[in-house]
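**Q** For the protein sequence lines, the chains are A and V, in the order given. If you read the first sequence in our numbering, its first letter stands for residue 1, the second for the next number, and so on. If you read the second sequence in our numbering, its first letter stands for residue 1, the second for the next number, and so on.
Treat the hints as calculated values from the structure; they're not laboratory data. Predicted model, so just to flag it, every value in this text is computed and none were measured. Fair warning: there could be bad hints in the mix.
Stated by the list, open to error - Quick list of in silico lysine to aspartate or glutamate cross-link-like pairs, EDC-like style, CA-CA up to 16 angstroms:
hint, chain 1, residue 1, chain 2, residue 2
1, A, K141, A, D183
2, A, K78, V, E157
3, A, K119, A, D97
4, V, K147, A, E171
5, A, K90, V, E157
6, A, K117, V, D209
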Amino acid sequence: MSLEKNILVKLNNVGIQQNDKWLVKGVSLEVEKGKIVTLIGPNGSGKSTTAKIALGIYKNIEGNVEKFTNNVGYVPQKISIDWTLPLRVKDFMVLTDNIKDELIDVALSLTGVTHLKEKNLGNLSGGEFQRVLLARAISKKPELLVLDEPVQGVDFTGEIALYELIKKISEKLNCGILLISHDLHTVMTATDHVVCLNGHVCCSGSPKDVARNNEYKALFGEQASQTLSVYEHKHDHEHSNDGEIKKN
Amino acid sequence: MFDDFFIRALVAGIGIAFVTGPLGCFVVWRRLSYFGDTLAHSALLGVTIAYTLEFNIAVSIFITSSIIALILVKLEKKTNLPGDALLGLLAHSSLAVGLVAIGFLTFIRFDIMGLLFGDILAVTTDDLLTIWIGGALILLVLRFIWKPLFASTVNYELAEAEGLNPDRAKAIFTILIAAIIAISIKMVGLLLITGMLIIPTAMARNLSDNPQKMVIFSIIGGLLSVFIGLFSSLEFNTPSGPSIVAAALVLFIFSLFKIKQTIQLKN
Numbered sequence: 001m002s003l004e005k006n007i008l009v010k011l012n013n014v015g016i017q018q019n020d021k022w023l024v025k026g027v028s029l030e031v032e033k034g035k036i037v038t039l040i041g042p043n044g045s046g047k048s049t050t051a052k053i054a055l056g057i058y059k060n061i062e063g064n065v066e067k068f069t070n071n072v073g074y075v076p077q078k079i080s081i082d083w084t085l086p087l088r089v090k091d092f093m094v095l096t097d098n099i100k101d102e103l104i105d106v107a108l109s110l111t112g113v114t115h116l117k118e119k120n121l122g123n124l125s126g127g128e129f130q131r132v133l134l135a136r137a138i139s140k141k142p143e144l145l146v147l148d149e150p151v152q153g154v155d156f157t158g159e160i161a162l163y164e165l166i167k168k169i170s171e172k173l174n175c176g177i178l179l180i181s182h183d184l185h186t187v188m189t190a191t192d193h194v195v196c197l198n199g200h201v202c203c204s205g206s207p208k209d210v211a212r213n214n215e216y217k218a219l220f221g222e223q224a225s226q227t228l229s230v231y232e233h234k235h236d237h238e239h240s241n242d243g244e245i246k247k248n
Numbered sequence: 001m002f003d004d005f006f007i008r009a010l011v012a013g014i015g016i017a018f019v020t021g022p023l024g025c026f027v028v029w030r031r032l033s034y035f036g037d038t039l040a041h042s043a044l045l046g047v048t049i050a051y052t053l054e055f056n057i058a059v060s061i062f063i064t065s066s067i068i069a070l071i072l073v074k075l076e077k078k079t080n081l082p083g084d085a086l087l088g089l090l091a092h093s094s095l096a097v098g099l100v101a102i103g104f105l106t107f108i109r110f111d112i113m114g115l116l117f118g119d120i121l122a123v124t125t126d127d128l129l130t131i132w133i134g135g136a137l138i139l140l141v142l143r144f145i146w147k148p149l150f151a152s153t154v155n156y157e158l159a160e161a162e163g164l165n166p167d168r169a170k171a172i173f174t175i176l177i178a179a180i181i182a183i184s185i186k187m188v189g190l191l192l193i194t195g196m197l198i199i200p201t202a203m204a205r206n207l208s209d210n211p212q213k214m215v216i217f218s219i220i221g222g223l224l225s226v227f228i229g230l231f232s233s234l235e236f237n238t239p240s241g242p243s244i245v246a247a248a249l250v251l252f253i254f255s256l257f258k259i260k261q262t263i264q265l266k267n
C-alpha cells in the first residue's frame with residue numbers, strides 16, 4: 001500500500017500496440033481507496049483495454065503499472081461458459097477464492113439473485129448473469145474492484161439499484177473502483193473522477209469539469225453535456241427480484 | 001496375487017481410470033483432445049529412444065512428449081499456421097519418425113500392435129508400480145493446481161486479473177498430460193489414449209450438473225470401461241485398448257438417453 005495517498009493502482013503513461021496499431025496510448029490514471037474512477041468513451045476507444053492493463057492481463061505494454069494490492073475483484077465485459085463445463089452459480093462464486101457459504105449468500109442477496117444459487121450458469125438471462133458476476137466480484141471483499149460495464153442487460157430499475165450498490169460498496173469496504181460505463185447521467189453522480197478516453201486520455205477530472213470540457217462535447221455532443229445532470233429522483237419503495245414491494 | 005496377468009491388467013486399469021477421469025475433464029473443458037492425441041502419437045518416438053538407449057520406457061515417453069509440447073508452443077509463436085494444422089504436423093511427423101526409427105532398429109523385436117493398441121499381457125509388476133506411484137503423483141499435482149487451472153478454464157482473464165497465475169497452471173497441466181500418456185501406453189496403446197481421456201468424460205457431462213460430479217462420473221465411467229473392456233478382451237481375445245475404449249463408447253451411448261430426458265424436462 002502506498003503511504004501518501006492510499007493509491008491502489010497507478011498507470012504511468014501506459015499504452016499497448018496490436019498489429020502496429022495503438023489500442024491505447026499515453027494513459028495515466030490512479031485509483032485510490034474509497035474512490036470511484038469511471039472510464040468513458042466511444043466504442044473502440046480503449047476502455048476495456050485500459051482496464052485490462054490496470055489488472056495486469058496484458059504483458060507487452062509500454063509505460064508501467066504500479067499495483068499496490070493483490071485483492072482484486074473483476075467483472076469482465078464478456079464471459080462465455082462452454083457447454084462442456086457444467087457450472088452452477090454457487091460453483092462460480094468460489095472460482096478464484098474459497099469464500100464461506102454465508103458470504104456467498106450475502107453477496108447474492110446484495111445483487112438480488114439469492115434464488116439463482118443452485119441454477120446452472122448457462123440457463124441465466126443476460127441481466128441475471130451480470131448480477132451474478134457482480135456478486136462474485138464483491139463477495140471476496142476486494143480492495144480494488146474493476147467493473148467493465150457491470151450493468152449491461154440489467155433492467156432499468158435494477159440498473160439504478162446496482163449503481164447505488166456499487167457506490168455503497170466503495171464506501172463500506174473502502175475499496176477503490178475502476179468503472180467502465182456508457183450510462184453517462186446515472187454514473188456521473190456516483191463518480192469521483194472521470195477519465196474520458198478516445199485512444200488516449202482526451203480529458204479527465206471531476207464529472208462537472210469533464211462535462212464542461214470542449215473535447216468531451218466534441219466526442220459525445222452538446223446533448224450529452226446537458227444530460228450530465230445530477231440524478232436526484234427518489235422512490236418511496238423498491239421491488240425485490242420476485243416483484244414483491246419493499247418500503248424504504 | 002499379481003502373478004496372474006489378468007489381475008495385473010485390472011489393477012493397472014483401475015489406477016489409470018482414477019487419473020484419466022479428472023485429467024479428461026480438463027482436456028474436454030479446455031478443448032485439448034487433439035493436443036492429447038499429438039502427445040500420444042509422439043510417444044512412439046519415446047519408445048524407440050528408450051529401446052535405443054536402453055532407458056526406462058515411461059520416463060522416455062514422458063520426456064519426448066514434454067519436448068513435443070514445448071515445440072508446439074514455440075511453433076505457435078513462430079508461424080501463422082492454425083493450431084490444428086500444427087497439431088497434425090507434429091502428431092504425424094513424430095509418429096512417422098518413430099516408425100522409421102523402428103525400421104532401423106532391426107536388432108530388437110517390436111510388438112507394434114501392442115504399442116498402438118495396448119497389450120494386457122505386457123503389463124508387469126514394475127508397470128503397476130509406475131502406474132500407481134505416477135498416477136498418485138499426477139493427482140497430487142493436479143490437486144495443487146486445481147484452483148488456478150479451473151478458474152482459467154472458465155475465464156483466463158478473470159483468473160489472471162485476480163492473481164491466480166494461470167500460465168503456470170497451464171504449463172504444469174501440459175506436463176501432467178505427457179505423464180498420463182507415459183504411464184498408460186502399455187495398457188491402452190498410443191492410438192487410443194485420448195479416447196480413454198475423452199469418452200468417459202463425455203459420458204459424465206451428460207449425467208452431471210456441476211464440475212465435481214462430472215469428475216466423479218468420469219472416474220466411474222473410466223473404471224467401468226476398464227472392467228468391461230478387460231473382461232471382454234479376455235473372453236474374446238481382443239486387444240485391450242480397443243476393448244476398453246469400445247466399452248466406454250457403449251456407456252456414452254447409454255448416457256445419451258439420460259440427457260434427452262433432462263432436455264425434454266427443461267423445455
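**Q** Which earlier hints can't be squared with this structure?
**A** Those not satisfied are hints 1, 3, 4 and 5.
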